[in-house]
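Asker: The listed protein sequences correspond, in order, to chains A and B.
Quick note on numbering that gives the first Met the number 0: the first sequence kicks off at 0 and runs consecutively.
Quick note on numbering that gives the first Met the number 0: the second sequence kicks off at 0 and runs consecutively.
These aren't lab readings, by the way, just hints derived from the structure by calculation.
Hints should not be assumed to be uniformly reliable.
Claimed, not checked - As a list, the in silico EDC-like pairs of lysine to aspartate or glutamate whose alpha-carbon atoms are at most 20 Å apart:
hint	chain 1	residue 1	chain 2	residue 2
1	B	LYS191	A	GLU102
2	A	LYS93	A	GLU118
3	A	LYS83	A	ASP126
4	B	LYS122	A	ASP155
5	B	LYS122	A	GLU118
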Amino acid sequence: MSNSAVLQAYLLRVCFLLGLCFLPPVLAEDWLSSDEEFSFSPPLSAPARAPRASRTRFSQFATQGDGLQRWRSELSFEFERALKLGHYIRLDMKSRRFHASDELAEAAGGAYHENEVEELWWQWSGDSCFAKVGRQGVYWGAVDNSFALDQLTPFDYTEALLTSFTALRAGQDAINLRCYQNSWQVEVFVNPRPDLSTITHQSGEDWEALEDSLHEEWAVRLQWAEAGRDIALIWARVEDNLPTPVFNAQTTDFDLAVARYDLLGLSLVQAIERLLVQVDVAWHSDQLQAYTSQTQHEWQVALGLEYTTSGNHRFNAGVWHYIAPPLNPGDNGEPTALWSFSWGKGYFNDELDLSILGQWGGDPRQGMMTGLADYVWTQHWSTRLALSYSNADETAGGLVNSIKREWSLSTELEWVY
Amino acid sequence: MRVLSVLLFGIMTVTVNAQPDARAIMEKVDEQQRLVAHQTLTRSRLSSCNFARQQTGIVCTEEPRVKVLESYSRQRGEQLKDSQSISIVLEPANERGIGMLTYSYDEAEKDTESWLYLSALGKVKRMAAGSGDDQEPVSFFGSEFTTEDMENGKTDEYSYQVLQSGPFKDRNVWVIEAKPLPVRIPKTRYSKLLLWIDQERLLPLRMQAYDRRGNLYKRMQFDRIEQHNKLWLARQVSLFNMQNQRLSTLHTDNIVQGVPVSSEFLTQRTLIDFAFRESVLAELRPHFE
Chain A
0 MSNSAVLQAY LLRVCFLLGL CFLPPVLAED WLSSDEEFSF SPPLSAPARA
50 PRASRTRFSQ FATQGDGLQR WRSELSFEFE RALKLGHYIR LDMKSRRFHA
100 SDELAEAAGG AYHENEVEEL WWQWSGDSCF AKVGRQGVYW GAVDNSFALD
150 QLTPFDYTEA LLTSFTALRA GQDAINLRCY QNSWQVEVFV NPRPDLSTIT
200 HQSGEDWEAL EDSLHEEWAV RLQWAEAGRD IALIWARVED NLPTPVFNAQ
250 TTDFDLAVAR YDLLGLSLVQ AIERLLVQVD VAWHSDQLQA YTSQTQHEWQ
300 VALGLEYTTS GNHRFNAGVW HYIAPPLNPG DNGEPTALWS FSWGKGYFND
350 ELDLSILGQW GGDPRQGMMT GLADYVWTQH WSTRLALSYS NADETAGGLV
400 NSIKREWSLS TELEWVY
Chain B
0 MRVLSVLLFG IMTVTVNAQP DARAIMEKVD EQQRLVAHQT LTRSRLSSCN
50 FARQQTGIVC TEEPRVKVLE SYSRQRGEQL KDSQSISIVL EPANERGIGM
100 LTYSYDEAEK DTESWLYLSA LGKVKRMAAG SGDDQEPVSF FGSEFTTEDM
150 ENGKTDEYSY QVLQSGPFKD RNVWVIEAKP LPVRIPKTRY SKLLLWIDQE
200 RLLPLRMQAY DRRGNLYKRM QFDRIEQHNK LWLARQVSLF NMQNQRLSTL
250 HTDNIVQGVP VSSEFLTQRT LIDFAFRESV LAELRPHFE
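This is chain A alone, in the form it adopts within the complex (with noise of 0.2 Å):
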């Protein structure tokens, strides 16, 4: 027997004489050993700078599905810093580009390119309240993917949907101004001059003479936030983002007008543990009724309900119920619901994120369903692939392009500084 083993034996009987040996598993290990082989010295980097002002975005995106073709190149420029204390300005603005075999641009009779200016406003902020004036978005109301209370923003309807509205909402200019007081806040938002949805780039001279003949917007917000809620009462007085056909006695013809009405709505959210609750109701006066010229009031409510996983799977489903307008002249609006659904989720620390968009219901009948996939490859470079279908009847959906398509596939390759 080897010196080494004598010793161990003798130790061993040490032990057990001491009733050490019941001491607990853990003392097999030696907590205090080096570890070299897991020496990390993080790759050097350049330390946090200050916030960059500018952000430069180009992407080329393209859909192709039955009847449908988008194929479009997009630049985008934001700028953004305070002046000085308490001042605050921001640019957000983009050039767009349809190339001959987009839709819009057969449509149009060849290629064209679009420039807008999304947002550019200055923001001045005092003790309790800020100002922001210039052209800006203001989204109002509690429910994603409805629309009832959030009336003050048009759309831009030459935006292809995914699977988020964002994408389709144009800034208008503005004046925003907003107090806060302990869990108080009072908005109020002026408009001199609201502009119309955009369907499309040539919209020819009716279209701007009707915009051109808008009146001015206001409206009225007053929310409070609770543990786990927030509430918020409306009133506005605004136009239609789009209009309607009316009868015209005089020609006997129909022509486009808009509604001017008052907004009275009420907004709440409430947390439930994980779930989130959402009520919109609103009150639309004056509603003008399509082909008859007739105005009524009308009820608009919308329900939602979020609820996020403990695996952050962010779900949220909703219904909007309101009174769609009749399809032929005599006809009567008659209530009716859309329906939506969207899940989103990120994977691999966030570099690929999957979301679904679904919308049915309405009178007519529509449908669509959008799967898309976001993968972010590097800082900054990203590419989206999104498969869609709609379904809708033939009335349904005539003023957004891709509502009566079936298939379709939609690419997009996008980089950003």
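Given the structure of chain A, go ahead and fit chain B onto it with the hints provided.
Answerer: Below, chain B alone, put in the same frame as chain A:
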């Protein structure tokens, strides 16, 4: 000799177990971490990459993804166990401007509240966060860190035991095992934690977390340890996820501590009133160390 070393360490551990109170140590560690987070503005880089072990040590096998965040936090309540924080993403460019405001409470029945500023929509949205009872940890800005790795003030939800004491990387440490109590189990993905606590500075030098099957799950390494305002903090924390072979490193490039701001700064206003936010931050940033 192996048996001898086991025996000697066993005797040492028995001796140590009789000395320090592990809970008292961890409460002091936690108190210091809460004070570090109180009235503190930081600018940090959060980098993540896949890693591999090589002869020279651990290396990133790809270009790390870097996020730059600016955050202000303060502790509230009698024992500073409630917290309020606001974080704004400065980089990368495609996430710039996203902001999050969070109120979290020590009281288990009280829901965490958070609001997200969606820069694409210019709108503040309340987020569903859940209560302390059902709150499973989620990833911190897409990194390997989770909200559980970042929180403090939860010492009463663990049982502690000193396993060993002695020198570790030129510092005297206690190696402390933390096991979640029943109140903690639904909220954690870890079956136990091992912490190497610097005896003099009362902050961890290393931490290992084990999954529910008892396998090594994550390993954290604390570097660039400095003293600010008489408080010790690690300005570089690396987290190795041993199961998916990814690592994240949180570099605190700039920090200013003990700077109170008006309570209005930690409200929804700061998410949307940029002029107000920049006015407050402009007064704090010159004090960055």
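Asker: Output the numbers, in ascending order, of every earlier hint that fails for this structure.
Answerer: 1
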